[in-house]
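Asker: Chains as they are written, first to last, in this note's numbering: chain A, 1 to 333; chain B, 1 to 148; chain C, 1 to 120; chain D, 1 to 151.
Derived from the structure by calculation, the hints contain no laboratory data.
Careful: at least some of the hints might be erroneous.
[As the list claims (entries may be wrong)] Cross-link-like lysine to any residue pairs, in silico, SDA-like; alpha carbons within 20 Å at most:
#1 K91(B) to T64(B)
#2 K155(A) to R17(D)
#3 K333(A) to K155(A)
#4 K115(C) to F66(D)
[Unchecked claim] Derived contacts from chain B toward chain C, CB cut-off under 8 Å, selection only:
#5 F40
#6 S47
#7 R86
#8 K89
[What the hints assert, rightly or not] Facing chain B, a subset of chain D residues (Cβ under 10 Å, in silico):
#9 D2
#10 L42
#11 M45
#12 T46
#13 F50
#14 T51
#15 Q52
#16 Q53
#17 T54
#18 A55
For glycine and all other residues, C-beta sits at the position ideal for the given N, C-alpha and C.
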Amino acid sequence: MVARGLLTFKTTPSIVATGVTAGPLEKKSQFVDKFDKIYEDERCEAKTNEHGHAKMMEDACMIALSKVDSVPSDADFMLIGDLINQMTPSNFAAATVGIPYIGLFSACATSVSSLLMAALLTETGMSKCAIAGASSQHNAVERQFRYPNEYGAQKPETAQWTVTAAGVAAVTPYKKGFPSIECGTIGCVIDLGMTDPLNMGAAMAPAAADTLTRHLTGHNKDVKDYDVIMTGDLGKTGFELYKKLAGNQGIDVTKNFRDAGKEFYGADPSFLSGASGAGCSAAIFLTEVIDKMRAGDYKRVLLIATGALLSPLSFQQGDTIPCIAHAIELTMK
Amino acid sequence: MNKVMNEKAYCIKMEGMHIRKLSLVVFAVVLLSGCSGSGFRIDNNSSEDHAKAEEVLRNDKRLTSAVTVFYENDLLTGVTLKTFSRFKKEKIEKELKKKLENSYPELDVTVSADSKIWMETNKLIELDDNKDKGKKIEKLKSLIKEET
Amino acid sequence: MVSIFITAFIVGGLICVVGQLLFDVAKLTPAHTLCILVVAGSVLDGLGLYEPLIDFAGAGATIPITSFGNALTHGAMAEAEKHGLIGVVTGMFEVTSSGISSAILFGFIASVIFKSKGKV
Amino acid sequence: MDEKKYAKLEKEISPKRPLMRNIIFAFLTGGTICLVGQFVSLFYMTYFDFTQQTASNPTVATMIFFAMLLTGFGLYKKIAQFGGAGSAVPITGFGNAVISAAIEHKTEGYVLGVGGNMFKLAGSVILFGVFSAFIVALIKTILVKFGVVSW
Numbered sequence: 001m002v003a004r005g006l007l008t009f010k011t012t013p014s015i016v017a018t019g020v021t022a023g024p025l026e027k028k029s030q031f032v033d034k035f036d037k038i039y040e041d042e043r044c045e046a047k048t049n050e051h052g053h054a055k056m057m058e059d060a061c062m063i064a065l066s067k068v069d070s071v072p073s074d075a076d077f078m079l080i081g082d083l084i085n086q087m088t089p090s091n092f093a094a095a096t097v098g099i100p101y102i103g104l105f106s107a108c109a110t111s112v113s114s115l116l117m118a119a120l121l122t123e124t125g126m127s128k129c130a131i132a133g134a135s136s137q138h139n140a141v142e143r144q145f146r147y148p149n150e151y152g153a154q155k156p157e158t159a160q161w162t163v164t165a166a167g168v169a170a171v172t173p174y175k176k177g178f179p180s181i182e183c184g185t186i187g188c189v190i191d192l193g194m195t196d197p198l199n200m201g202a203a204m205a206p207a208a209a210d211t212l213t214r215h216l217t218g219h220n221k222d223v224k225d226y227d228v229i230m231t232g233d234l235g236k237t238g239f240e241l242y243k244k245l246a247g248n249q250g251i252d253v254t255k256n257f258r259d260a261g262k263e264f265y266g267a268d269p270s271f272l273s274g275a276s277g278a279g280c281s282a283a284i285f286l287t288e289v290i291d292k293m294r295a296g297d298y299k300r301v302l303l304i305a306t307g308a309l310l311s312p313l314s315f316q317q318g319d320t321i322p323c324i325a326h327a328i329e330l331t332m333k
Numbered sequence: 001m002n003k004v005m006n007e008k009a010y011c012i013k014m015e016g017m018h019i020r021k022l023s024l025v026v027f028a029v030v031l032l033s034g035c036s037g038s039g040f041r042i043d044n045n046s047s048e049d050h051a052k053a054e055e056v057l058r059n060d061k062r063l064t065s066a067v068t069v070f071y072e073n074d075l076l077t078g079v080t081l082k083t084f085s086r087f088k089k090e091k092i093e094k095e096l097k098k099k100l101e102n103s104y105p106e107l108d109v110t111v112s113a114d115s116k117i118w119m120e121t122n123k124l125i126e127l128d129d130n131k132d133k134g135k136k137i138e139k140l141k142s143l144i145k146e147e148t
Numbered sequence: 001m002v003s004i005f006i007t008a009f010i011v012g013g014l015i016c017v018v019g020q021l022l023f024d025v026a027k028l029t030p031a032h033t034l035c036i037l038v039v040a041g042s043v044l045d046g047l048g049l050y051e052p053l054i055d056f057a058g059a060g061a062t063i064p065i066t067s068f069g070n071a072l073t074h075g076a077m078a079e080a081e082k083h084g085l086i087g088v089v090t091g092m093f094e095v096t097s098s099g100i101s102s103a104i105l106f107g108f109i110a111s112v113i114f115k116s117k118g119k120v
Numbered sequence: 001m002d003e004k005k006y007a008k009l010e011k012e013i014s015p016k017r018p019l020m021r022n023i024i025f026a027f028l029t030g031g032t033i034c035l036v037g038q039f040v041s042l043f044y045m046t047y048f049d050f051t052q053q054t055a056s057n058p059t060v061a062t063m064i065f066f067a068m069l070l071t072g073f074g075l076y077k078k079i080a081q082f083g084g085a086g087s088a089v090p091i092t093g094f095g096n097a098v099i100s101a102a103i104e105h106k107t108e109g110y111v112l113g114v115g116g117n118m119f120k121l122a123g124s125v126i127l128f129g130v131f132s133a134f135i136v137a138l139i140k141t142i143l144v145k146f147g148v149v150s151w
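Work out the full structure: start from the sequences and follow the hints.
Answerer: Here is the structure:
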């Protein structure tokens, strides 16, 4: 099989700063100390959920830029996305921040696809500083994809909780002492006929396993090369399925495997299978993983963000849930 | 390991709610068992002989209680039924009405198994003033009519 | 008097168990489940079985959504008895108006007072 | 891996819905709501001129009022997570569906948002209720006309 969809970055662009903001409920996350800003109000003091969503994204951008003593006019590109109708929150955030902008949509995999795109632009030499990231807001996502927030529907144990968080990274040409992007793999859309929107982990697991195997064979790597292989938001159920699928491919899944969605809220059973949403993987990848890399705990990591590419319409028309997973490999030289 | 502990915590939490709910039910049942009246009462304000009515009502095994008021041309009976006889409420009402009408052909007979009627008829008996009785009986009759 | 509270609890609970079975065993969404129960209530009333159930269980039969179907059918049939076929259409909301009108009214009031919150 | 194989694997690994637990809790929750309804109906019978039968109208309205308070204060979804169908099947669940949609769409304004979306979830219940009532009453009317059954 010819290896397709593989990206290798010779200049190894670096992630020099991150900005992560989160809603009040995310105080329950075990990574809460690492977030840059926590809002006391779930709408971030804005009038609607969607405005709060945009504000969260804006603030995350400004925080990331301020960490490298920059202002928006220093950045060349802004590559962000979210899950709401035509990505309006990201659009509004981009309007306020005023950086040349491309909206990206890979559902919850946007956190990695945006980093890959930012790395590509940097590789070509056309970007000195690119902003990449993703966000999600629980209330806005819930009312669009499922039921009104106050509607009483019993969720099964496989259901996941969309987090309210935004994670943004500033990507620049290689800089010593910062995690750098070495390679990546663009995922294929995988659809194994799952239809249950309350079991998204199961729908996304095959995509994650597929991208993992493609990345390992394509880049001639082994699981042992990585300090951690972290998936985005598979949740407890999806993570088990993903390990099983990867195990069937002869991959050793016994150690170094982590899932951001499973770990986000710790072991709190009220969040059922765990966290999900574009903000989940963005927030954890850009805090927990990057911090550990800068501290020297991790030398080489593989991040695989998974996204379920459904819409309320496609689900109601009885379609299956197609899923995608993008992988990015970060190293600390 | 972690998962097992979560589940345990979950179960304990749920059990707590479970017990609270059950105790609520038990409390409600205890509370209510106090106010269940039974027996057969008859209040005769007319010249009719009420023995026949008493016989009809007492001999019906499906009834748990019956309250009857004779007033002028009216014969008003509120009955309560055994739990499973309630399924046949309408049928029982009709049967009793027919029986009483046979016994008292010149009276306007009203029979109801509705607990509102039963409650009100009980109050009616305790009423000392006979003047209001006629009015109240008319009102109850109109309430029953409203249903259909 | 007491027994109606017990039967209300049991019958109401059992109707909900039917709903739960439709959720978990038949894997239906809440909307599908409620539609099936409403249709069931309507058919039971057509067979003349729902009114006796109300006599037996009181609120245990009038509070579950099945009673909505029953009330609609009951109104339609009562009106049909009086006015023939036209009554089937005109009588429908005669009995059941309180549920819908109060849901609309309280829904509007709630939308003025409350804001939705994304709490667990 | 094909779809069938994966569906099998998914069934194996996904946690099963705890059927017995759900049934018991649905029974208790639904029973309790109906019990409350019976108390409300007793209240209306005792203090107002309602008979057992006519009391069901104000009882339903009152239960929906309770549903409004529980929904507004964010408690109804907690009861629902615990009780499942026990909270969805009673009329309070219908109320919750209407009220939660109304609250949620407030941001789009009262006309387009609240007015337009109020019956987003509960509309289907009304539709199928009305349609089946029409069919059932029609069949019964025809049967009565032909003398098969009586009213």
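Asker: Against this structure, judge whether each hint is valid.
Answerer: Hint by hint, here is what the structure shows:
As the CA atoms of K91(B) and T64(B) are separated by approximately 16 Å, the hinted pair is consistent with the 20 Å bound. The straight-line distance between the Cα atoms of K155(A) and R17(D) is roughly 10 Å, inside the 20 Å bound, and the hint therefore holds. Taking the CA atoms of K333(A) and K155(A), the gap is about 45 Å. The hint is violated against a cut of 20 Å. Restraint check for K115(C) and F66(D): satisfied, since their Cα atoms lie roughly 17 Å apart, inside the 20 Å limit.
At its closest, the beta carbon of F40(B) sits 16 Å from a beta carbon of chain C; the interface hint therefore is violated under the 8 Å criterion. The interface hint given for S47(B) is broken, as the beta carbon of that residue sits about 33 Å from the closest beta carbon of chain C, more than 8 Å. Given the 8 Å rule on beta carbons, the hint for R86(B) holds: about 5 Å separates it from the nearest Cβ of chain C. Of the supplied interface hints, the one on K89(B) holds, with its beta-carbon coming within about 4 Å of a beta-carbon of chain C, less than 8 Å.
Interface hint status for D2(D): violated, as the beta-carbon distance to the closest one in chain B is roughly 30 Å, over 10 Å. At its closest, the beta carbon of L42(D) sits 8 Å from a beta carbon of chain B; the interface hint therefore holds under the 10 Å criterion. Annotation: interface hint on M45(D) holds; nearest CB of chain B at approximately 5 Å, less than 10 Å. Annotation: T46(D) was flagged as interfacial toward chain B, and the flag holds, the nearest CB pair being 7 Å apart, inside 10 Å.
Checking F50(D) against chain B by beta carbon gives a least distance of about 7 Å; that is within 10 Å, so the hint holds. The criterion of a C-beta within 10 Å of any C-beta in chain B is met by T51(D), whose closest approach is roughly 4 Å, and the hint holds. Using the Cβ-Cβ criterion of 10 Å, the hint placing Q52(D) at the interface with chain B is satisfied: the shortest such distance is roughly 5 Å. Restraint check, Q53(D) versus chain B: the minimum CB separation of about 5 Å is within 10 Å; hint holds.
This hint holds: T54(D) has a C-beta 6 Å from the nearest C-beta of chain B, less than the 10 Å allowed. Proximity of A55(D) to chain B holds as hinted, the smallest CB-CB distance being about 7 Å (cut-off 10 Å).
The structure fails to meet hints 3, 5, 6 and 9 from the earlier list, while all remaining hints are met.
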